[in-house]
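*Asks:* One letter stands for each residue in the lines below.
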Amino acid sequence: MNELTSLSVAEMRSGLLSKQFSCVELVDAHLSRIEATNEVLNSFITISSELARSAAQNADSVIAQSGEESPPLTGIPVAVKDMLVTEGIETTCASQILKGFIPPYQCTAVSRMCKRGAVIVGKTNLDEFAMGASNENSSFGPVRNPWDTKRVPGGSSGGSAAAVSAGQAPLALGTDTGGSIRQPASLTGIVGLKPTYGRVSRFGAVAFASSLDQIGPFARSVEDLAVLLQAIAGKDERDSTSVDEPVPNYSEAIAKGENEALSKLRVGVPKEYFIDGMDPAVEDSVRKSLGVLEKLGATLVDVSLPHTELAIPTYYILNPAEASSNLARYDGVRYGLREPADSLQEMYARTRAKGFGPEVKRRIMIGTYVLSAGYYDAYYLKAQQIRTLIINDFKAAFANDCDVIAAPVSPSTAFAIGEKADSPLQMYLADVFTCPINLAGLPGMSVPCGSDADGLPIGLQFIGKPFDESTLLRCGHAFFKQSSFDIRSMARKQATEFAI
Amino acid sequence: MSANEKAIEAVIGLEVHCQLSTDSKIFATSSTAAGEVPNSLTDPVTLGLPGCLPVLNKKVVEYAIKLGLATHCSIQRESIFARKHYLYPDLPKGYQISQYEKPICLGGNITVRLKEGIKNIGITRIHLEEDAGKSSHVDGEAVSVVDLNRAGVPLVEIVSEPDMRTSEEAGAYMRLLRQTVRYLDISDGNMEEGSLRCDANVSVRYEGSEKFGTKVEVKNINSFRFVEKAIDYEIERQSAMLRNGEEIIQETRLWDEAKGKTRSMRSKEFAEDYRYFPDPDLLPLIVDNDWIDSVKNTLPELPDQVYQRFKSMYGLDDYNADVLTQESLVARYYDQAVSVHGNAGALANWIGTELFGRLNKEGMTIENCPVSPENLADLVHLIGQNVISGKIAKKVFDEMFSSGARPAAIIEQQGLQQITDESAIMAIVQQVLDANPQQLEAYRSGKDKMFGFFVGQIMKLSEGKANPQIVNTLLKQKLDE
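If you're matching them up, the sequences are chains F and R in order.
Each residue of the first sequence is one higher than the one before, counting from 1 in the working numbering.
Each residue of the second sequence is one higher than the one before, counting from 501 in the working numbering.
One chain only, chain F, in its complex shape (with noise of 0.2 Å):
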């Protein structure tokens, strides 16, 4: 059955379709190679095996009676952030505070893709909050990636990017607050996409710095990407930031991708994208994939984004604002941990001690100081004016010389476990080149583009204009498709060859 968790979705729907495979059996092909490996890659933090069984028996009987006619996610498996509240699986954050929480209501993108026939195999490990880049900073241990469980899967979505690339799942939901999609998809060698801020329902994401979060698809292809995303898209009235734009047709987005390529594109290329500092392989594999991406038919554009390198500092104080805020209601009253105590203040200040980690403790700290009187307009208002000139830079790119940017992803390829965990700013600028897009609020994609001398995979981002995720999967496509990566490895691994 190992072959069924290295099958892209597409082949898993025409074997379900054609009675190759059942719903059951692929979704319990998925189950055995969890079990067989999460004790190594710790990428999940709750398996939900009881409720995917008994949903891809549910998808069988949808399949016997509708066939094609089923909606297409049917009985496909995926990985759920352990950031997205889940109904009737308890959810954490990958935090202590939140221990035990077992939600009564469920996030809109996952009730949309579960309403689309997907089946949640588990929750998947985080950074508590999704506050890192590595997975480290997880009160349930580090996840490992796959390609060298000496080293980190990137962060914060760790799991659900370590998931997908070891074939525990096809597809899984991640959040994107700086890079947590894009980064970790970069350094498991798999796809993945940062919709535009308002593209995807924020309702049931556990809010984190809620003016730059978002949710998104992870997966071993970008066609797979986009049936996640068709899947989640689109307005909610349950989160006013969603924004009321139709949803378009991304299949025709991939087909554009197949059959055209990039002819008659422009792709933007920032020169601050390029710095002192980051790893040459990384350097290397993005500008050969440049010119690849001419060979495909895109005419290259050098632009300016000149605000970039005010993008980290500016980042890390609007996001410990907005999370300082967000974290204010675990307080141990209603729900999760509490530590009792003989006054209030004493419960609050012992629960919130021992219920969040070191890495929440530093951002709750920075972001209550940065919002304090006397403090405000030197810091967060300051931050706020910045971030109107780093959406600005994007505007006249967009607006003047290019259809999509091209950029790396993460400045070096997946690091040692352990490396970068004494020092918080290192971790920090593991964001460099992804956090301005949060900042911008646009759809950003990492897309496997090669690997480094030790095998480790490299990520190329797509950044495009404001609800147009359907050029990032065109890009995304018609790169990939020309690519030698061996998208699948991981996933054809043996579940033994994984070890510490």
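Just so you know, these hints were derived from the structure itself, not from any lab.
Note that the coordinates shown come from a computational prediction; the quantities given were computed from them, not determined experimentally.
Cβ atoms here follow ideal geometry from the backbone N, Cα and C, with glycine treated the same way.
Treat the hints loosely; a few may be bogus.
[As the list claims (entries may be wrong)] Within a straight-line C-alpha distance of at most 30 Å, the following computed BS3-like cross-link-like pairs (lysine-lysine) qualify:
#	chain 1	residue 1	chain 2	residue 2
1	R	Lys602	F	Lys382
2	R	Lys976	R	Lys965
3	F	Lys99	R	Lys634
4	R	Lys719	R	Lys811
[To be verified] Have a look at the derived ranges for each label pair, beta carbon to beta carbon:
#	chain 1	residue 1	chain 2	residue 2	range
5	R	Asn860	F	Gly100	52 to 60 Å
6	R	Thr714	F	Glu245	52 to 60 Å
7	F	Ile102	R	Glu692	47 to 55 Å
8	F	Gly100	R	Asn539	16 to 24 Å
9	R	Glu601	F	Gly100	38 to 46 Å
10	R	Asp756	F	Lys361	34 to 42 Å
11	F	Gln384	R	Asp790	26 to 34 Å
12	F	Lys361	R	Val638	31 to 39 Å
13	R	Ile749	F	Glu245	53 to 61 Å
14	R	Asp773	F	Pro246	43 to 51 Å
15	R	Arg743	F	Asp342	39 to 47 Å
16	R	Thr714	F	Val247	53 to 61 Å
17	R	Val638	F	Ser54	41 to 49 Å
Keeping the supplied structure of chain F fixed, place chain R upon it in accordance with the hints.
*Replies:* Quick look at chain R alone, frame taken from chain F:
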């Protein structure tokens, strides 16, 4: 003039919170009903569960626009919801969503009527926010309990300019606000039940001084009766300190009704830092002209407009105009009653005395009044038409109040119609005079006041139905024979 003799004036500004009577909460779907089982009117958004997002209730905005228009505010085309942070068990998210730098209404005013005339009181701003839940402390136990039914109930906060100088003005302002929200039907304005809450900013200074004194915020004023009492207490306390040369510190004080005093709650040094910032979960609230115009079209006649109209249209005096316009439903009742047969003056008196007296006695309000305006109008009309006397009318009214029947039907059924037939009345007069020879003698010998005695006897004999004017005329005629 020594400092001790110089007059002191108070400067008062009020911050009034008013619960809006929408069906559902400001950012969530659960009901705003009061008096339900604790924590039964909640939902994931109200409980502040992870991943939940606020969605603004449009009705709330409509209500705020109504109030803004009624108080001559300028309705802001763009306003912003912010997060106000503090930790308390009845605040589920750890922050309250409130408008801060950009509220929905700015710069209005209302005009209060005082004994010495009218006074304009400025309104600085009106903003929208969500209510918190309710914490109760269990007596004798080291526990508190929290009810989140109230959490997320929509509130407007109405902030006045420091334009009031006396507690009477503050009381009049509060009453007018209450009257206004009730006319607009956006709140029940009930202070005792907490749907209207008042914090008073009070300072004192020597009259003629340009500078404001240090202000003290008085909280926990939860009844109309206490507004004036609490402010008077605070003015007196601060005035004594001012005269004694003591420093008044900026602080928050609580009104303790049992003791009739205010007491210190926290001083400025311990003031909380709320770390306001715009709520990223909510888009800026955009109110366009069309929206404002459509709300404008639904605005009812406001208390002062009705007051002025009652005076000019019906010729009411200040007192009656005031009494009949306190509640919009009473004003509407009166309008309806007058529209039947006129009789504006008589109806005003009937409503102000008989109807209100009876409603009060029964603990009822005009809403469930058994006497319809048409029936009351008929009753007053029947008096004017001499069908019944005023005295019989009260009896008929009692019957109308208990049965809801039409006055004509009651009169008919009980034979209460006035006797106006002169020969019939003359017969009764004769009967009374015949039966009381001594009294007749006394009258004739100059005791004029025996006239009243005879009238009483005649009315008694006629069971009150004899027309009093005719009785007077005929009796006089007979006695003077």
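*Asks:* The structure should be examined with respect to each hint, and the outcome stated for every one.
*Replies:* Status of each hint after checking the structure:
{"no.": "1", "hint": "Lys602(R) with Lys382(F)", "result": "holds, 19 Å"}
{"no.": "2", "hint": "Lys976(R) with Lys965(R)", "result": "holds, 19 Å"}
{"no.": "3", "hint": "Lys99(F) with Lys634(R)", "result": "holds, 27 Å"}
{"no.": "4", "hint": "Lys719(R) with Lys811(R)", "result": "violated, 38 Å"}
{"no.": "5", "hint": "Asn860(R) with Gly100(F): 52 to 60 Å", "result": "holds, 56 Å"}
{"no.": "6", "hint": "Thr714(R) with Glu245(F): 52 to 60 Å", "result": "holds, 54 Å"}
{"no.": "7", "hint": "Ile102(F) with Glu692(R): 47 to 55 Å", "result": "violated, 41 Å"}
{"no.": "8", "hint": "Gly100(F) with Asn539(R): 16 to 24 Å", "result": "holds, 20 Å"}
{"no.": "9", "hint": "Glu601(R) with Gly100(F): 38 to 46 Å", "result": "holds, 39 Å"}
{"no.": "10", "hint": "Asp756(R) with Lys361(F): 34 to 42 Å", "result": "holds, 40 Å"}
{"no.": "11", "hint": "Gln384(F) with Asp790(R): 26 to 34 Å", "result": "holds, 30 Å"}
{"no.": "12", "hint": "Lys361(F) with Val638(R): 31 to 39 Å", "result": "holds, 33 Å"}
{"no.": "13", "hint": "Ile749(R) with Glu245(F): 53 to 61 Å", "result": "holds, 55 Å"}
{"no.": "14", "hint": "Asp773(R) with Pro246(F): 43 to 51 Å", "result": "holds, 44 Å"}
{"no.": "15", "hint": "Arg743(R) with Asp342(F): 39 to 47 Å", "result": "holds, 45 Å"}
{"no.": "16", "hint": "Thr714(R) with Val247(F): 53 to 61 Å", "result": "holds, 59 Å"}
{"no.": "17", "hint": "Val638(R) with Ser54(F): 41 to 49 Å", "result": "holds, 44 Å"}
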